[in-house]
Amino acid sequence: MTDTLTRVLQFAIILVAAVVAAVVGWIVFFDLPGDLADLLGVLLVIATVIAAIQFGGRIAASAFPSYDVAEVAVEGPITRDGGRGPLPGGAIGTPADDIVEQIDTAAADSNVEALLLKLNTPGGEVLPSDDIRRAAESFDGPTVAYATDVCASGGYWIASGCDELWSHDASIVGSIGVIGSSVNASELADRLGITYERFAAGKYKDAGNVLKEPSEDEREYLQGLIDDYYDDFVETVAEGRGMDPETIRETEARVYLGDEAHEIGLVDELGTRDGVEDRLADLLDRDDVTVEEFTPEAGFMARLRGGAERVAYSFGAGVASTLDADDGFTFRF
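Every letter in the sequence shown is one number past the one before it in this note's numbering, and letter 68, counting from 1, is 68.
Hints listed in this document are in silico derivations from the structure and should not be mistaken for laboratory results. Just so you know, not all the hints are guaranteed correct.
Claimed, not checked - Pair ranges (Cβ atoms, derived): (1) 293 <-> 210: 15 to 25 Å; (2) 200 <-> 264: 17 to 27 Å; (3) 223 <-> 260: 40 to 50 Å; (4) 263 <-> 104: 30 to 40 Å; (5) 97 <-> 194: 13 to 23 Å.
Unchecked claim - In silico DMTMM-like links for lysine to aspartate or glutamate, alpha-carbon gap of 20 Å or less: (6) 205 <-> 220; (7) 203 <-> 190; (8) 203 <-> 218; (9) 118 <-> 169; (10) 203 <-> 231; (11) 212 <-> 169; (12) 118 <-> 98; (13) 118 <-> 97; (14) 118 <-> 282; (15) 118 <-> 137; (16) 118 <-> 68; (17) 118 <-> 220.
Ideal Cβ placement from N, Cα and C applies to all residues, glycine included.
The whole structure should be built from the sequences, with the hints applied where relevant.
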């Protein structure tokens, strides 16, 4: 079905819905109840027509969809719950499970032939990042990741599951590494007269606890966990990007501007959004594509909060992936 025919059919459905609603609205709200004020009747008819047009538009879009590419955005720190804090409105990213759900929804949509993954994230938790990467990797069709402002750490992990990665020449790309951190408040605790008494089963159960000085053995243990995460990161990215693992290690977790990332092979192509859509058209062997944004359902207040939080959002090294909240030692992608 051609785009022109699709648009004609959509318009016809909307027009029919509007005419039917106008007739029904006139009869029900204006013509029959003779004691209603004319103005009120006209207003009710207009409201009915508007509602019918919106409803008809949704039916038309569903019956004759014009899109063939699904766009799913990964924005802000990657966490399981979107980084929600104890206060309302604390989330500054989309929950990873919601992103996976939108990718799966796109994969199940018979109209979607390609996936565009828009990335603007400094990274975040390990397993949520991997869940998104696996969902993108399992999509049956061309997958193109597009870095806008930042595609770092866990964001790059996700991009490695796509067929191609595009970015602006000034995008921030890379940070292929892992960091572990722990606040050491043992000296402060001593000054305040706070003592730490250990009640634990297992030698390393409280490794990294903020109230005690870690032993050399504990430092080696925690560093070993970080090294294991890093090895997995390197191997996964190297396999997904078709690169030599040693080349990945040589980046030493640096971040690069898009043009330099392209030079060393971390990015496939530099370009604008229009260029990405042209590439998708080439991959689908057609003149152009129509992109539909797939987003989780959200109420008005949630959308309002999200807009304000994205304005305030600034990129960083990633959000902690906590091994054990009580231990105080955290890992970041």
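Exercise. Given the hint that residue 118 pairs with residue 282, does the C-alpha gap stay at or below 20 Å?
Worked result: Answer holds: residue 118 to residue 282 is near 19 Å, not above 20 Å.
Take the C-alpha atoms of residue 118 and residue 98, compute the straight-line distance between them, and say whether it is at most 20 Å. holds, 15 Å
Does the alpha-carbon distance linking residue 203 and residue 190 stay inside the 20 Å limit?
violated, 23 Å
Run the distance test for residue 118 versus residue 169: straight-line Cα separation, threshold 20 Å. holds, 16 Å
Given the hinted pair residue 118 and residue 68, is their Cα-Cα distance within 20 Å?
holds, 16 Å
When you check the alpha-carbon spacing of residue 118 and residue 97, does it fall within 20 Å? holds, 16 Å
If you draw a straight line from the CA of residue 203 to the CA of residue 231, is it 20 Å or shorter?
violated, 25 Å
Hinted pair, alpha-carbon criterion (20 Å max): residue 205, residue 220. Please report holds or violated.
Between residue 205 and residue 220 the Cα gap is close to 14 Å, so the pair holds against 20 Å.
So if I understand the rule, the pair passes when the alpha-carbon distance is 20 Å or less; does residue 118 with residue 137 pass? holds, 15 Å
Is the gap between the beta carbons of residue 200 and residue 264 within 17 to 27 Å?
violated, 45 Å
Q. Range hint 15 to 25 Å: satisfied by the CB atoms of residue 293 and residue 210?
A. Given a distance of about 43 Å, which is not inside 15 to 25 Å, the answer is violated.
Checklist entry - Between residue 97 and residue 194, is the Cβ distance one that fits in 13 to 23 Å? => result At 39 Å between Cβs, range violated.
Checked against the numbered hints above, the structure violates hints 1, 2, 3, 5, 7, 10, 11, 17; every other hint is satisfied.
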